[in-house]
Amino acid sequence: ETGVTQTPRHLVMGMTNKKSLKCEQHLGHNAMYWYKQSAKKPLELMFVYNFKEQTENNSVPSRFSPECPNSSHLFLHLHTLQPEDSALYLCASSQVGGQGGSPLHFGNGTRLTVT
Amino acid sequence: RKEVEQDPGPFNVPEGATVAFNCTYSNSASQSFFWYRQDCRKEPKLLMSVYSSGNEDGRFTAQLNRASQYISLLIRDSKLSDSATYLCVVNGNLDTGRRALTFGSGTRLQVQP
Numbered sequence: 106e107t108g109v110t111q112t113p114r115h116l117v118m119g120m121t122n123k124k125s126l127k128c129e130q131h132l133g134h135n136a137m138y139w140y141k142q143s144a145k146k147p148l149e150l151m152f153v154y155n156f157k158e159q160t161e162n163n164s165v166p167s168r169f170s171p172e173c174p175n176s177s178h179l180f181l182h183l184h185t186l187q188p189e190d191s192a193l194y195l196c197a198s199s200q201v202g203g204q205g206g207s208p209l210h211f212g213n214g215t216r217l218t219v220t
Numbered sequence: 046r047k048e049v050e051q052d053p054g055p056f057n058v059p060e061g062a063t064v065a066f067n068c069t070y071s072n073s074a075s076q077s078f079f080w081y082r083q084d085c086r087k088e089p090k091l092l093m094s095v096y097s098s099g100n101e102d103g104r105f106t107a108q109l110n111r112a113s114q115y116i117s118l119l120i121r122d123s124k125l126s127d128s129a130t131y132l133c134v135v136n137g138n139l140d141t142g143r144r145a146l147t148f149g150s151g152t153r154l155q156v157q158p
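Chains as they are written, first to last, in the numbering used here: chain W, 106 to 220; chain E, 46 to 158.
None of these hints come from the bench; they were simulated from the model.
Treat the hints loosely; a few may be bogus.
Said to hold, decoys possible - Per label pair, the in silico range of CB-to-CB distance: (1) W:Ser167 x E:Gly103: 21 to 29 Å; (2) W:Gln200 x E:Asp122: 32 to 40 Å; (3) W:Asn163 x E:Lys90: 21 to 29 Å.
Unchecked claim - Taking lysine-lysine pairs in the PhoX-like style, the calculated list, with each CA pair at most 20 Å apart, reads: (4) W:Lys141 x E:Lys47; (5) W:Lys146 x E:Lys124; (6) W:Lys127 x W:Lys157; (7) W:Lys145 x W:Lys127; (8) W:Lys157 x E:Lys124; (9) W:Lys145 x E:Lys87; (10) E:Lys87 x W:Lys127; (11) W:Lys124 x W:Lys141; (12) E:Lys124 x W:Lys145; (13) W:Lys141 x E:Lys124; (14) E:Lys124 x W:Lys127; (15) W:Lys145 x W:Lys123; (16) E:Lys47 x E:Lys87; (17) E:Lys87 x W:Lys146; (18) E:Lys124 x W:Lys123.
Ideal Cβ positions, reconstructed from N, Cα and C, are used throughout, including at glycine.
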C-alpha cells in the first residue's frame, strides 16, 4: 500500500459508544495530523504529532483522544461524542523540518455520524 | 479577520473558459503557500505549491503577492474535470507559536458543457 490510509471509511455511533479511527502512512513522513471537516466550514486542525510526540492540541474537547504509537500510525479514540461531532475526519502526514509548512498528504477520511 | 479568506463561489464557467481565484491571508510572516483541490466527499489533494516568482503547471498558474498578502490560481481552458472545490492553504501561527497549515474555506468551481 502507498500513501495515507484511513479506516473505517464510514462510522455511525451512538453518543455512549467508544470507537477508534485508524490512520497509517507509508510515505516515510515524520509528522501526522488529525483534521475535522464539517459541512461548509474550513478544515480544522485538531492534533499534530511530530516524531510521534504530540506538539499541538488545538483546543479539542477531551472526548477526542489521539494516540501515536510510532511515526507511521495515528489513532483517534472517540467516546461520549455529541451529534455536532458528526463530520469528515481526515488524517494527514508530511515531512517536517523546523517549523513546518511542507505540503500535507491526506487519507480518504472517515465520515462519522453520531446519533 | 480570518487567517485565510476565499470567495466561496460557486464559479460557474463554460468549458474552455479561463477562471481565476484569489485568496487573502492575514499573517504577513507566512512562508509557504499551496493550492489544494477537493472533490465532493473526497479528501483534499495537493494541486500545486505557490512560489514567490509565480509558477505554472500545464493549464494552472499560481502567483503570490506578498505586499498585498494574496495568492491567486488561474485555470486556462477549463475542463469538465476541473469542477471541484479549490482550497487555499497557508502556513500560519498557532497559539503556541508553532506553525501549521491553515486552510481557507474553499472556492467551488463548476465547469459546464
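Evaluation of the provided hints:
| no. | hint | in the structure |
| --- | --- | --- |
| 1 | W:Ser167 x E:Gly103: 21 to 29 Å | violated, 46 Å |
| 2 | W:Gln200 x E:Asp122: 32 to 40 Å | holds, 33 Å |
| 3 | W:Asn163 x E:Lys90: 21 to 29 Å | holds, 23 Å |
| 4 | W:Lys141 x E:Lys47 | holds, 18 Å |
| 5 | W:Lys146 x E:Lys124 | violated, 26 Å |
| 6 | W:Lys127 x W:Lys157 | holds, 15 Å |
| 7 | W:Lys145 x W:Lys127 | violated, 25 Å |
| 8 | W:Lys157 x E:Lys124 | violated, 41 Å |
| 9 | W:Lys145 x E:Lys87 | holds, 14 Å |
| 10 | E:Lys87 x W:Lys127 | holds, 17 Å |
| 11 | W:Lys124 x W:Lys141 | holds, 16 Å |
| 12 | E:Lys124 x W:Lys145 | violated, 25 Å |
| 13 | W:Lys141 x E:Lys124 | violated, 30 Å |
| 14 | E:Lys124 x W:Lys127 | violated, 36 Å |
| 15 | W:Lys145 x W:Lys123 | violated, 27 Å |
| 16 | E:Lys47 x E:Lys87 | violated, 24 Å |
| 17 | E:Lys87 x W:Lys146 | holds, 15 Å |
| 18 | E:Lys124 x W:Lys123 | violated, 44 Å |
Checked against the numbered hints above, the structure breaks hints 1, 5, 7, 8, 12, 13, 14, 15, 16 and 18 and satisfies the rest.
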